[in-house]
Amino acid sequence: MENVKILVKKAQKGDLAAFEYLVKMYQRRVYGLSLQMLGHHDDAQDLAQEVFIRAYRSLGSFRNEADFGTWLHRITVNLCLNNKRSMGRASVVSLDEPITNEERSMQREIQDHRDDPLQSLEKLEFRESIKKTLNELSHDHRAVLVLREIHGYGYDEIASMLNCSLGTVKSRLNRARQAMVKKLKLLDLN
Amino acid sequence: MNCLQARELFSPHMDDMLEASERESLMRHLEECRVCGKEFKAWERVSQSLRALVDDCPYEVPTSLCTNVISELKLTKKIRMPAVSWRKAVATAAAVLVLASGPALVNTGMKLFNGRPAVVTENPKDSQVTPDNTGGEEITNNTNSGGPGPENRDRITPDSGGQSQPEPNTAPAGKTAITPESTAAKVSKANVYSVLLNTKMEITSTLLKVKTSSQDPVFTALTTAKAAGATTQLLDNQIMDGRKVSIIRMVVPENNAQGLIGQLSGMGHVINKENETRDITARYNETLLQYEELVEKGDPGAQSLEKQLESWKKEIGSHIVVLWLEQG
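Protein chains in written order, with the numbering used here: chain A, 1 to 190; chain B, 191 to 518.
In isolation and in its complexed conformation, chain B is listed as follows:
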């Protein structure tokens, strides 16, 4: 290898692009040729110094950069702002919501099979069936069910008060500057996006089936749940095969969950107990996008999605306990 050929290999060598044989030839030449060896070291020093610049680039991003970009875009383009109802929804996403009725459970389905373990699903369309379930009566928590409608459900513990944020001024965008969002709306919208950006969303739940001979097990269960800081909802209360069956859904802070489950288990004989963790990150994000689209179209179907999103947001970080109480 002569010096000219060796110099041609310097650059690809810096990028580790040489074949093994080329590299060996180059190294041999560098050992023999002092001039090329010195030149090669100069190339290496330059390359290393340039690569070090990635860590040694003491710059601060100008604080006005983002603001200037957004201001420019607002001024030069008519911006389609999210619909009013969406903004109200995200404003409340950061607060603790009061679920005035049971619509949060509209999409919760429960398949009950005679004498078989019951499975809680978040959505009737997304059912999970245990292997030995072969069918049986299906009770879903929706307004069409034969059971009590939402307005008749007993609830001992309404969710603790949280108020919707005041609706920000949402004058439609025009050619002039957009009316600034309220701080609450910005914070709430930030919370929605922070969910998208940072949070893996998992919901943990326990299905507990207890046979009891207590006088008023529903009252006992609701009281116990309340003491553990849980919110409760009586999903169903009916007679099945001569036995009274009550189904209560509880949302309890995670750190109180095991204690509550233990106490509820002590109410009688535990027929079945199942734990489950569901990762709903993708579903949450998809639902959020769908909700956005429906809102933009003015589709009333957006309401049910809104409630689902609110319900999920609340349940993440908590533990859901579905208690099946069997008497008689």
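If we strip away everything but chain A, and leave its shape as in the complex, we get:
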């Protein structure tokens, strides 16, 4: 982390090469959250790029003792919520359509469960329903769920990122989870 601080310090002085290294170090994290917030690859790329550009221009306000990754996530969430991008476009993935990834693909995952393909299929269907239902939540509900359940941020951190109170975070999480369960029941999958 000391090395990140050195790169940030250099980037704060205008060293673009140092910032480029930071982008490469954190792009997966930022893109991942963007994708989870927006559910669509193109929108996620646009958002992630905007996050880094905004970050570079705001570097002067970054306190180097804070966690750089968390700061980038905060920018991601705020940009997403402030821009009120369409969060309803679900990433509908067909089970027949392979998701290209060097480590796993859905088709291969099914084949790994040769012994019980039905169970694998059910698991995959449920997982896709989870993603689809998440995409259909409101901005605020989706933000707290993604930050808490997927990225593991604590209540305090989420409150800081979203610039709201602890009580608001708890309340939104409660309603977000209720909404997820209710929607999934309607799909008769839960």
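Take every hint as true, because none was put in to throw you off.
The calculated lysine to aspartate or glutamate pairs, modelled on EDC-like cross-linking and capped at a C-alpha distance of 20 Å, are: (1) A:Lys182 <-> B:Glu229; (2) A:Lys13 <-> B:Asp489; (3) B:Lys401 <-> B:Asp426; (4) B:Lys228 <-> B:Glu214; (5) A:Lys9 <-> B:Glu483; (6) A:Lys170 <-> B:Glu212; (7) A:Lys24 <-> B:Glu262; (8) B:Lys231 <-> B:Glu212; (9) A:Lys182 <-> A:Glu128; (10) A:Lys13 <-> B:Glu476; (11) A:Lys170 <-> B:Glu234; (12) B:Lys497 <-> B:Glu476; (13) B:Lys487 <-> A:Asp15; (14) A:Lys13 <-> B:Glu483; (15) A:Lys9 <-> B:Glu476; (16) B:Lys503 <-> B:Glu476; (17) B:Lys434 <-> B:Glu516; (18) A:Lys170 <-> B:Glu198; (19) B:Lys231 <-> A:Glu125; (20) A:Lys183 <-> A:Glu122; (21) A:Lys170 <-> A:Asp156; (22) A:Lys170 <-> B:Asp205; (23) B:Lys497 <-> B:Glu392; (24) A:Lys182 <-> B:Glu234; (25) B:Lys231 <-> A:Glu122; (26) A:Lys185 <-> B:Glu229; (27) A:Lys182 <-> B:Glu198; (28) A:Lys9 <-> B:Glu486; (29) A:Lys24 <-> B:Glu250.
So, partial list: chain A residues that the calculated Cβ filter (under 8 Å) puts toward chain B: (30) Lys9; (31) Leu16; (32) Glu20; (33) Tyr31; (34) Gly32; (35) Ala48; (36) Ile53; (37) Phe126; (38) Arg148; (39) Glu149; (40) Lys170.
In short, the hints are calculated from the structure, not lab data.
Built from N, CA and C at the ideal position, the CB exists for glycine as well.
Let chain A serve as the given structure and place chain B on it in line with the hints.
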């Protein structure tokens, strides 16, 4: 506890935020109330599935993401590029450098005390004194010393050839696109940053003090060092209290170090031998930052920092042997 109260505890329970008494009450209710029990299981399943998404998110980061960001920043902002001399310095950081003179040792200090163990320091300001040193003559390797200047030092083995990378085209940034760096400059800059990111930097050294009655121990030592693949530098050669004392600094590949030390020890009677490992990671990074700042200001002091950085980069992964040869 009624069902409404129980449902209020579902969410904080998912985050492990309940007091022990609340958790117990909730569990008791769930055992008694089938409807709430079923609802609770649904909540758990959703929560677990969401958490599993962190491992099951098969996405690839678009390869153009970083490029697009940097291109945008270059186009919309006047970028202050590093100064020309800095870029040249990092271009050569990846190569094996030829140290044409002894400036790499400008900051190496050595405190010699009559009859006491000597301590090698990387920087006269950062001296390490052994407990029983009470003072004595100090000889530092700098151009102001009474000893031979750098241009008079004997060297048997110049560093093996390495050439500076051709200086990349470094037209100052303007509103138009920046002239692309040469591949060598990019690679070298990458090496500098990779040092910052990945490498813990340690320098290991051995101080060896040998009393010998050989005819020409300096020549013997230099030849032995060369055979071990070491680069050498004669730091000092003078008469002290009727004895001829020569101090040679060697940088030898780590895997040959013990063999070389053994051979040098066999040249006579070993008066003292000390091993040391120094972690210079923080100092390297600090010096690099200072160097950057001086370069940006056009301060000529940047040159000595540049040489120090080059010297360190070369020495990491090698073993430094400082041989004190005493004759007579």
